[in-house]
Structure formats: C-alpha cells, structure tokens
Amino acid sequence: MEESAAFAEGSAVGLRLAAPGPAASGAELVAAARDGDRDAFDELYRRYWRLVRAVLLARLPRPDAEDLAQEVFLAAWEKLGDLRDPEGFGGWVAAIARNRAASHVRSAPRHAPLPDDLPGGARADEGPGAVLAAIRLLPEAYREPLVLRLLEGMSGPEIARETGLTEGSVRVNLHRGFAKLRGLLGGRR
Amino acid sequence: MSDYLWNPAHEPDPDVRAIEERLAPLRREPPSLRELPDRSPVLPPSWRRLFVAAPALLAACLLVAASLALLARGKGWEVRWEGERTTRLARGEWLETGGATARLSVGRIGTLTLEPGTRLRLVSDSPRDHRVALARGTVRAEIQAPPRRFFVETPAATAIDLGCAYTLSTDEAGNGLLRVRAGWVSFERRTAGALDEVVVPAGASCRVSARRGPGVPAWDDAPEPFLSALARWEESAESAGDAPPLDDLLRTARPRDGLTLLGLAPRLDAAGRAAVFDRLAALSPTAALPSRDRFVAGDAGAREALRGVLGLPTP
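In order, the protein sequences belong to chains V and S. Sequential numbering of the first sequence, starting at 1, is according to the working numbering. Sequential numbering of the second sequence, starting at 190, is according to the working numbering.
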C-alpha cells in the first residue's frame, strides 16, 4: 500500500490529451489508448516490451517468447477497457504475459523441436541461449529479476517498481538467483 | 559499497559482466508492433462486463441475499474469551484483554491468542490484508496462509507472516521480542526512504527496540554466554558513542550462530565485518568461502553466498 502511494503520479481522472507524446505518463497513454489512440498504445508497447519479453523469456524459449510478446500486446489492446488502475499498466500487462506463457506451456507439444535460442555460428553452450536456458532451470522467483537485470539492464529498484515486489525481495532473489546461475554455468564458461 | 548486481551504476563485477556480455546479442529495441485490429464496439467497460456477467450476477444476488443474515451477525473477527463467551471485533475497534486471555479468529487463515494485558486494534480484515496494530502485550499467532497475508504492526516494527507460528510481545514504546515457532516471519520497519528487514526462522528470536527497530535474529538454543553477549551488544548499540566490542560474541559463537553474525554484518564497520568473516572462516575451516574483500566491503551478494556456504536456512 505504501509503495503504490509512493509511486502514484496523480489521478488520471479527466485526462484526455490530444496526442500524448513520449513524455506522457503511463496513465495519460492508457487513457488515450482506451479512446482508440493507436500512437499512444504504440508508446506503451515501446515502454513495456522489455518487461513483457523478460517475463516470457523467464518461462519460454526465445522464438516463442518474442512471438508471444506481440500476442500479449494485442490482447492488452483488446482488453484495455478492463484495466481499472491506469497507473498499473506494467503490472497488468506482465500478468497477461504470465498467463499467456502458462497457457503456451500447457498447450505446447511434449517433445518440442529444436532449436532453442541457437545463434548462427556460435556453439550453443556459449551463446545467450545457454544462459537463458540455465535461468529457466532456476526457481521461478529468481527468473524474472535475473532476466530484467542481466538482459534488460534494469537496476534492482526499477525491477521492484515494474514487478510490484519489495526491494528487499528483489535484492534477495537477484543475489540468490545469481549465485545459483553462476553455479549452473560454472562448468560451461 | 559496490553492489553491481543491484545497481549497474556501481563498479562492475566481473562475474556479472561476463553473463551480461553473453546475453548482449539479445539486447535490442522492440520490433514493430503488428497492426492493431479495430476494437469491437463499444459499450463502456462497466456495461460490457454487466452483459457478460448477467447470469452470474443473478446467481450472486441470490447468494448475497441468502448471506445477508450471516453478514448481519457482525463484521470483523470473532473473539472467543475464556469461559466460552464470544464477541466480535470490527475493523477500527480496540480490544483490551485486561486480566483474561482471548482467542481471535484471523478471518479464515488462523488464530491469534491474546495474553492478559494486551491491547490491540483490528486495522484490516480484507482477505489479502489481515492486519492488526498491537499497542502492548503479547500475541501468539498460528497462521495457515500464503506469505504476506497477516501483519502485526507494533509501535516499532511490523511482523509479516511468511507461513508460520510465532509469539510477539511489545511494550507501549515499541520494545519487544519476536519468537518464531514454525516457518518464517519478516520483521520490518520502514523509515524515510529505507526498509529495515530481518527475516527470522523457526527456532529463533529477534528483539525489537523502540529506537532502532528490529534487532538481530538468534537461535533460541544458542549458548547462554552468546545470548548474553548479544544482549550486551544490542544494548551498547542503543547508546551513542563508539561501536560496542564484538569479542565476546565472536568467541562464544557456534557455526550455527552465523545466523546472528551475518545479521549483524550490515550494522558493522569494515573492521567489524572482517572480524566476523574471520571468525566464521575459523568455525567452518573446510568450507569454500566467498571473497573476504567483498564481504568486508559490505557486498550483500557475498553475505548471501556465505549464508549458503554455512548451511543456514533460507526462506
């Protein structure tokens, strides 16, 4: 409760900007996108694509994750009227991504075809795919913070803000997750 | 303090950098978003939900009507007193036990037993936020719920259930003691811009001070000289002036008491942390310890790594 109050940027009631630009707040963009402004939604997409991709990469192989990221935003566009708190777009779209990832895992074939994240010309166990595959072996609580930090370059406080976790939890998950990840990758480096 | 994993603006850590570089080929701008379809027009969301939910709404109305009598019996939580007398505690109300013991139903997730001399207010009874304010006295909590659904606020800190049973005492100033019998409790105090958080496992206790908030957890079965030394250290830390000596604490610690020493480390200066590291190393001579320099520099990752090496429990 205290965190959400601390991060609130003010009420969105009555905000209807003609053309919210890159400097617009998330609430302004959500309000405009709800009214059908596709440019405003495109700006939301650019702001939150990294978060959504990280949520998906924490659960799925990369090609699936990047395809599904598009589907997540299309679903968000369709359902935007259901979002109650315009300030909460990040948490809301991340929740859609988690649900989509879970559905994808349930519906995916048991013996999915290779490859998983194989970069051309590089040995699979040296490339980024190997790191992501190792992250996906970790307990779920560690995965999203690690992808957001190590791939997307977010700081711990940014991760806490985007995911809604406390900074203490993010710090613990980052450090414990990284220690385990280093152990998993230790033999391959 | 260099903590590059927490804040990329800090001095780079070679291990973290190595993995960042392996992931670098995937770092990029978002691809173009596919063309957005036209939204199906266009009832306001509230009306749309109403149409979709109409059958369920009807059933819900019937249920609500049937439940009104139950709800009218009283909001809040049931209080069962010695001698089987039953009352209810509504949100915002205070409860004073006087010379009696009372048992409070914490919604549907557990019970809270209030010892004589306890004064407590029900702050929130929502299903995701069961919260009481303990002004003074002693409560015993038995909670079966996901973590962070039950909160006891005291004048100096908030005890947050992580799935557990515990006893919490406080005086009106906020001095008190948390003793965990099962699971884990997070003991937290929020100050301007900061959060002091101590996680206490089953079998351990943690003092809380009105002035400094949560103390350091210690095993209840720790040797008496160790516990006495800890009490002396915490009392000395209360008063301004030089840092209290660690010698007695370090000398009487067992390997298991790394729980306490690691909890103490963030409150010490570099020399204190060096002494803690050296004592833990002496107590666990065969363990593969993390970097002493990083631990002494206050690196949280090194502290967590040391916790793992020592085999201390984690939530």
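The set of hints was computed from the structure by calculation and includes no laboratory data. Values in this document were obtained by computation on a predicted structure and should not be read as measured data. Be a bit skeptical, because a hint or two may be false.
[As the list claims (entries may be wrong)] Just the calculated beta-carbon pair ranges, DEER-fashion:
no. : chain 1 : residue 1 : chain 2 : residue 2 : range
1   : S       : R445      : V       : G153      : 33 to 43 Å
2   : S       : R206      : V       : A75       : 35 to 45 Å
3   : V       : S107      : S       : R274      : 40 to 50 Å
4   : S       : E424      : V       : K79       : 50 to 60 Å
5   : S       : A213      : V       : G164      : 20 to 30 Å
6   : S       : P316      : V       : D39       : 32 to 42 Å
7   : S       : A470      : V       : N99       : 23 to 33 Å
8   : V       : A95       : S       : P412      : 19 to 29 Å
9   : S       : E210      : V       : A102      : 30 to 40 Å
10  : S       : A470      : V       : P139      : 39 to 49 Å
11  : V       : K79       : S       : L251      : 40 to 50 Å
12  : V       : P139      : S       : E218      : 28 to 38 Å
Glycine included, C-beta positions come from ideal geometry on N, C-alpha and C.
Verification of the supplied hints:
no.	hint	in the structure
1	R445/S / G153/V: 33 to 43 Å	39 Å, holds
2	R206/S / A75/V: 35 to 45 Å	36 Å, holds
3	S107/V / R274/S: 40 to 50 Å	56 Å, violated
4	E424/S / K79/V: 50 to 60 Å	57 Å, holds
5	A213/S / G164/V: 20 to 30 Å	28 Å, holds
6	P316/S / D39/V: 32 to 42 Å	40 Å, holds
7	A470/S / N99/V: 23 to 33 Å	47 Å, violated
8	A95/V / P412/S: 19 to 29 Å	49 Å, violated
9	E210/S / A102/V: 30 to 40 Å	31 Å, holds
10	A470/S / P139/V: 39 to 49 Å	29 Å, violated
11	K79/V / L251/S: 40 to 50 Å	29 Å, violated
12	P139/V / E218/S: 28 to 38 Å	31 Å, holds
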